[in-house]
Each structure stands twice: as C-alpha cells, then as structure tokens.
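We have chain A; now place chain B onto it with these hints.
Going line by line, the protein sequences match chains A and B.
With the working numbering applied, the first sequence covers 63 to 269.
With the working numbering applied, the second sequence covers 414 to 874.
Read the hints as simulated data drawn from the structure, not as lab findings.
Errors might be hidden in some of the hints.
[To be verified] Straight-line alpha carbon distances no greater than 35 Å define the calculated DSBU-like cross-link-like pairs of lysine-lysine that follow:
(1) B/Lys430 / A/Lys71
(2) B/Lys791 / A/Lys71
(3) A/Lys71 / B/Lys715
None of these values were measured; they are calculated from a predicted model.
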Amino acid sequence: MSRDNILHKIRTALGRGAGQAVADPPPARIRIPQVAMEDRIASMLERVRVLAGQAVVSDDPRAFVANAIAGKSAVASNAPFLAECGIAGLAGVRSGITNREELRQLCTTADIGITSADYALADTGTLVLFSSPQEARMISLLPPAHIAVVPRARILTGLDELFAVLPNPAEATSSMVLITGPSRTADIEQILVRGVHGPGLLTVVVV
Amino acid sequence: MSTEFAQKSHDAMADPKLQLAIYTSTARLKQNRIDAVSPAALPDYQELRAHANAIKKHTIDNLDHYLEVFGRNVAAHGGKVVYCKDGTEVSDFVLNLAKERAAHLIVKSKSMTTEEVDLNERLEHHGLESVETDLGEYILQLAHERPYHIVAPALHMTRYQVADLFERELHAPRETVIEKQTALARSVLRQKFLAADIGISGANFLVADSGAVVIVENEGNARLTTSAPKIHIAVAGIEKVIPRAQDLATFLKLLARSATGQLLSVYTSFLSGPRRAGEIDGPDEFYVVLLDNGRTRLLPDKGKRQSLFCIRCGACLNTCPVYRKIGGHSFPWVYSGPIGAILTPQFMGIQHEPALPFASSLCGACGEVCPVKIDIPKVLLDLRSDVKKSDAREGRNRLEKLGFRAFAWLMTHPPLFEMAGRIGRSMGWPTSRKGPLGAWLSERDLPPLPAHSFREMWRRR
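This is chain A alone, in the form it adopts within the complex (with noise of 0.2 Å):
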C-alpha cells in the first residue's frame, strides 16, 4: 500500500523512527493592532472600493438593499441577520430554501445572491463566510452581483485576529471562504475582467 510506503521512504529519508515524538512548531505569528471600530469601518469600506466593489454603513439596510434590487430577481440565504434587518421578506427576494436543486436553480437564474458575513477583515477589505445551514455556498457565487449584509461588531482588523478568534476554523464549518473583492482574471494579455467564473459585482453593507 503506497501509504505506508511513502511514510516509509519519508521516516528512512529525514532519519526519523515511526511515531517519534516532534519538537514544537516555531510559535505561530499572531500580531493584532489596536484599531478603532470607526477606523476598521473606514478601512473596510476604502479597501473594498479600492478592488472595485462598493462598499457603504446603512442604518436602513433594508431600504438600501430593496434601492439595489430595484425590480432584479434575488435570491436570500438564510442567516438570521438578513431576516432581522428585514431583507429576506422584501418583493423579489426568494429566500428560506433549503433544497440543493431549488438554491442551484434559483441561483442560476437570479440577479443577486444576497448573504451575511459571519467576519470581515478591515485591513484587506475582505469577507469571511462559513458554509452552515444559513449560509450556502452558491448564493455569493453563481449569481453575476453579490450584496453581503455585514454587523458592524464582526469586522475584525485583518488575518490575524480572525486567526486568534477561530485558531481551528474546521471545529466551526466545512467549508470558510474568505472574499476579497469581485471575481477577477487577468489571463489573456494581462488585462483586468471582473466577473469571471464568481461575481463581477460586489456590494459590502455595514450595518
């Protein structure tokens, strides 16, 4: 069996006898700045536009997500952030599914998914999702626009405090994905296009 071969060639090559003990890791590298939350927010919203998505601080964000649906199809993921600020109940938004071929489809066909974040990284303008029950994975991929509703309390500075808060991400989700900014390629002639494979358009709501 190639597993227990290629432990072997391994063992024989660095020296070491099967299951010697190992001396501890370089102690991991966590820094976390003290930053405001108003300055994580301004950072937020800037490091977002920067990557060409928008970015704005709601305290209705309701009315601004029902401005930006404006007679398109959406599709809503379950979080109980969206159904708190009143988004998943809005004209064209479909949401509280929970059949993979019924998301798949109303996915494929809509205009935005619209999600929740469950961190967001002020530094690198970037967001953190887990896959749950309330928050699938197709919603913020296969539609062309992607609006995430975002609580102000979960920005967090940047990659290492999101390390420090969750220092094993597999105990909370099977699948983090963190977003930075719309889908991109620059692979013919390095020109930028956004919009590739995920979507091109990317709206960050910060309530």
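Positioned in the frame of chain A, the structure of chain B alone reads:
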C-alpha cells in the same frame, strides 16, 4: 546542452512578439510584487519571510508526523486521504471512483501538481471528460499546451490567438475583445460546472491541525469546482502540509503579494471535509490525494530539501533574466524559471536535462524575492556539482574536465601562465565554431582580448 532545450530557447529569443509578451507581463507582475512588499506596504515583510521559512523547515524535517496528523483530522471531518506514489496511482484512484459512482464529467481547477502527472490526458484516455476551468488553463487545454508560467499560464498568448482558438474549438463567431472572450468562456464553463459529477482541485496548503485543504484563486472556478459537484478530490504534493491554521496568517500574507501584488487573492477557501448535517450545498464526498511523484527523493539531502518549501508564487520567474528571455516552454518540464531549474533535476533525475542548472547567471535575484527564502542559487550550485560528478562517473565530458585541470595547473605557474597569455593574445580567439570547442563556444560570448595583460600594465605603471 541538449538540442531541444537550446533550440527552444533560441526560438523564443528570436520571436519579437513573444519577447514583448514575456517582458511586459513579467515586468508588471514584478513591479506589483515590489510595491506590495515594500516597507511602506508591509513593514514586517522580512520577519514574515524568516518565519515562513522556519515553519516550512520544521514541517519538512518532520513531514511524516504532520502528514499523519493531517490524515487523522481529515478523517475526523468525514474525508479520506489517499496516498499515491505516481501519476498512474492518481488516475487509477480517480478512474475507479468515477466507475463506482457512474461519473463521466470532471471539472478541474488549476493545479501544477496534476500537470506533473498529465492527469487530464490520463483520464481522457479512459473516456472521461476532464475540463480545466481557470480561464488561462482552459485556453491552454483547448490549445493542447502546457502552462507557460506558474501563476499566469497563458502569458504568452495574445487576444488574437485566443480569438482563433475559440472560433476553431468552440465554433463561436470570432471575438477579439477580451471581456467578451472571458464571457464566452464563462458561459461554456458554467454549464460544465452545473453538470459535473466530480471536481478536482489542487491545494495551496494542507493544514494538519484542521484536516483542511486551502485553495487560493481569483476567478471563483476553484470554489465552483470544490462545491458544485457531489465529489471533491484535492490533489496535493506531500510537501504542502503546514502545522496549524494559524500559520496561514503568515503564508497568506506572503503568497498573493509575491504572486500578483494583491493583499489577498479574491477567494481563499478553507475546506475541511464534505458538507455537514443541514448544509444545503457542498460536496457529499471529500478526498485528498497526497502525491509523492519523486518528492521523497529530495528528502535525504539536508541542503537541497529546502526546494520543497516552494509555495508556487512565481516571483522567481518574473525576476529571472533567463526566464524573461527564454520563456516558460523552453524549460524541459512543467515547472519553469529558477524554481523549475531546481525542481526538475531533482524530481526527474539530473540527466533529464543536465544543462538546466547551468542555465542561470547566478545573479541571486530568485533567492532575494522568494517569500519562503529558498536559497535557489545555492541549490543550483549543488546541482551543478551533482551533474559534474555524474558526468565523471559515466565518463562524459572528459575533454572539458581535462581542459579545466590544465587551466588550473597553468594558473598556479605564473611564468607559464603569462607566456600562454602572450601567445593567446597574439593568436586571438578561435573564430571557428567547429571542433571540440564548438559546442562550448556556441553558448558563450567571448570578451575582446586586451592588448596587454594586467601584469604587464602593472609593471609599466
């Protein structure tokens, strides 16, 4: 030097359009990196590099341990780890699984590791359809070409070549606007994603303490590959493992900056196992193929072992004066540039292309830009030494060796050396490229001969 490597290099240098394409693309990537790791943009860049190097060193020195921890944690989340020694074992595994699940269509996201073993060709040979979904890789699959660059695979192609290709292969009206070409590929590939039975991805990192596969990309095709089909298979080299999720705070900061100058790539997926209870979408089955394919051969040598630290950012290609002239397809295997020059001889054996470690000016730029501090110039020198030792064992290049020995002897005898110099200067360099020196001189430019030697000038000062 083998004729194929030399010929391809000469052809690339004689093609002005190709030279311009390589130059402009690598110049942009190179500058993006410089800006992104400048002290103003990333003050602790050098500390991060040193730390990344220390983690990689620790992990590779204890590789068996971290692979076992990784395997246990993948299993704990409902996934399965499969060890494969070579490409045949990888394709056998995929073929068997496809047969058991009655699967026909495979979507693939970018993976240099699967390029190593020509996975697409192997699967298609057995009647499966395996479609590359990264835009650049898709173009290359249609053109039946290998990646030209680790991160910008179709760097050598123009929009007009893509237009011809799409017209011919996709039977669509000719289109030369890049946005529209991209939209066409999107619509063709979207149908593939929705119909695919299996998704095969690579992996940028394997996280031991989480049993997770981390994939970094910009297009979204890797997210679709790993979440739309019911089966996800990640194929990764055994060296990709890192101890902890927290180490990503170091590696993710370095990877995208070094590759394209981005702070983070658009999508970073951290995947641990199949979908869990109640999740609406995601794969039902999750496999991680751990590939050896020659990697264990690198481990015994403590110096050259560092070649396995590579995180495939491509920064060494963009900065290399040799890569920037001869391009990616001149290199004899899937990995090009300085990293290719050290990986290829070690994975494939030094006689695969003995000239490769010598195709470097040893300027040191590759080592300077490497985000995990691989001392590429040092490894190149070690490999040169290996090539020469192998030549000596097999009795090759005896004349060259004899020549250098004579030269060394001459240099330790100053009066004779001076006399030889005088005779040489009066005769001039040999102008004929024929004879025993021909091959040696064909790749070297000789400087003009001075009228007087340094010693003569010193005496007359």
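So, going through the hints one by one against the coordinates:
Pair hint B/Lys430 plus A/Lys71 does not hold up; C-alpha atoms about 47 Å apart against a cutoff of 35 Å. Restraint check: the Cα-Cα separation between B/Lys791 and A/Lys71 comes to about 25 Å, which is no more than 35 Å; the hinted pair holds. Annotation: proposed proximity of A/Lys71 to B/Lys715 holds, straight-line Cα distance about 15 Å (limit 35 Å).
In the structure shown, a violation is registered for the earlier hint numbered 1 alone.
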